[in-house]
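Here the structure of chain V is known, so what remains is to put chain Y in place on it, guided by the hints.
Chains as they are written, first to last, in the numbering used here: chain V, 237 to 438; chain Y, 360 to 438.
Where hints are given, some of them may not hold.
In silico DSSO-like links for lysine-lysine, alpha-carbon gap of 30 Å or less [to be verified]:
#, chain 1, residue 1, chain 2, residue 2
1, V, Lys299, Y, Lys422
2, V, Lys387, V, Lys284
3, V, Lys286, V, Lys274
4, Y, Lys422, V, Lys387
5, V, Lys286, Y, Lys422
6, V, Lys372, V, Lys387
7, V, Lys299, Y, Lys437
8, V, Lys274, V, Lys331
9, Y, Lys437, V, Lys308
10, V, Lys331, V, Lys299
11, Y, Lys382, V, Lys286
12, V, Lys428, Y, Lys410
13, V, Lys331, V, Lys387
14, Y, Lys382, Y, Lys410
Computed Cβ-Cβ distance ranges for the label pairs, DEER-style [as the list claims (entries may be wrong)]:
#, chain 1, residue 1, chain 2, residue 2, range
15, Y, Lys438, V, Glu376, 33 to 41 Å
16, V, Lys284, Y, Pro419, 16 to 24 Å
17, Y, Glu391, V, Ser305, 51 to 59 Å
18, V, Ser245, Y, Cys362, 47 to 55 Å
Keep in mind the hints are simulated off the structure, nothing from the lab. All values reported here derive from a predicted model rather than from experimental measurement. Every residue gets a Cβ at the ideal spot worked out from N, C-alpha and C, and that includes glycine.
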Amino acid sequence: MAHRINNLSDASEKALIAAAKAGDHTAFEELVVRNERKIYNLGLKLLKNKEDAADLLQDTILKAYDSLSQFKEKAAFSTWLYRIATNFAFMRFRKKKLPVIPDTSEENPELSFLQNVPDPRESNNPIGHLKNQELKIRLENAIGELPDLYKTVFILHDIEGYSAGEITQMLDLSLSAVKSRIHRSRAFLREKVSETLPPGVQ
Amino acid sequence: MDCKKMIAIISDFLDNELSDIEKNSLQAHIEECEDCLALYRSMEALLLLLKHCYCEESVPVPKQVSRRIFYQLRIHYKK
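The following block holds chain V by itself, in its conformation from the complex (with noise of 0.2 Å):
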């Protein structure tokens, strides 16, 4: 019999972990309750779907579960989880077929797009007086066309927050792959967005 960890919500992560894998279960379930949050709303941004995003994050606990053993502690035991997390939803991609649109270059030099946003340091409110729900279904739809890979990656960076670094062990890519890919996506992005904008702003 595995040995229990009394006080769940005080234990530090690589004990919850260690006894995890000695079998203790509610040891493991504590590591779900502090992590379902992120891996659930990872799936709403990448599916873009309640159902779907509940299903990826059932998915990801019950593979991590299985996992459990090969799981090194190089990352957090989060980054772990992301990286099971978008391998689900690179199938789910697939299953879907979802549209792919052709890489916007970041070579391209007639890139002149949202020339006369106003400069951000001008001002406190620099958005406020954008269309910021119209923006953002923009922003949303356009992300959606993003390849599938560079979606993820823009996801996790952009939005999520993580480091390049930590998306190279969450996706098993090259870091200039992953800068690449960022950097692409925010050119796509940027060119997308700027045909939404006001006049006098564009």
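Below, chain Y alone, put in the same frame as chain V:
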């Protein structure tokens, strides 16, 4: 500096991933190149817009979803 590579360079700058020397080169360049200054401002605006649009996005896992997952997990333990 090569204007064609500016999206990548500005992107790295906004992620605070440039060395001091690279930052100085970028600053010197955009002081002289209006196109790249505009590009810099628009990239910065895009990232601000993203933060603005997504800063309150995190939602809790619905209770019924959480219950379902723990139920499935406990069945899974027995397999």
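Tested hints:
For the hint pairing V/Lys299 with Y/Lys422, the CA-to-CA distance comes to about 21 Å; that is within 30 Å, so the pair holds. The straight-line distance between the Cα atoms of V/Lys387 and V/Lys284 is roughly 12 Å, inside the 30 Å bound, and the hint therefore holds. Restraint check for V/Lys286 and V/Lys274: the C-alpha separation of about 14 Å stays at or below 30 Å, so the hint holds. For the proposed pair Y/Lys422 and V/Lys387, the alpha carbon gap of about 28 Å is at most 30 Å, so the pair holds.
Distance restraint check for V/Lys286 and Y/Lys422: the Cα-Cα separation of roughly 13 Å lies within the 30 Å cut-off, and the hinted pair is therefore satisfied. A distance of roughly 16 Å separates the Cα atoms of V/Lys372 and V/Lys387; the hinted pair therefore holds under the 30 Å criterion. Straight-line distance between C-alpha atoms of V/Lys299 and Y/Lys437 comes to about 15 Å, which keeps the hinted pair within the 30 Å bound. Of the supplied pair hints, the one linking V/Lys274 and V/Lys331 holds, its CA atoms being roughly 24 Å apart against a limit of 30 Å.
The straight-line distance between the Cα atoms of Y/Lys437 and V/Lys308 is roughly 24 Å, inside the 30 Å bound, and the hint therefore holds. At most 30 Å may separate the alpha-carbon atoms for a hinted pair to count; V/Lys331 and V/Lys299 meet this at roughly 19 Å. Of the pairs offered as hints, the one joining Y/Lys382 and V/Lys286 is violated, with about 42 Å between alpha carbons and a cut-off of 30 Å exceeded. Taking the CA atoms of V/Lys428 and Y/Lys410, the gap is about 17 Å. The hint holds against a cut of 30 Å.
For a cut-off of 30 Å, the pair hint linking V/Lys331 to V/Lys387 stands: about 16 Å separates their Cα positions. For a cut-off of 30 Å, the pair hint linking Y/Lys382 to Y/Lys410 stands: about 23 Å separates their Cα positions. With their beta carbons about 38 Å apart, Y/Lys438 and V/Glu376 fall inside the hinted range of 33 to 41 Å. At roughly 18 Å, the beta carbons of V/Lys284 and Y/Pro419 sit within the given window of 16 to 24 Å.
Look at Y/Glu391 against V/Ser305: about 58 Å separates their beta carbons, and that is inside 51 to 59 Å. Restraint check, V/Ser245 to Y/Cys362: a C-beta distance of roughly 54 Å satisfies the suggested window 47 to 55 Å.
Of the numbered hints listed earlier, the single one contradicted by the structure is hint 11.
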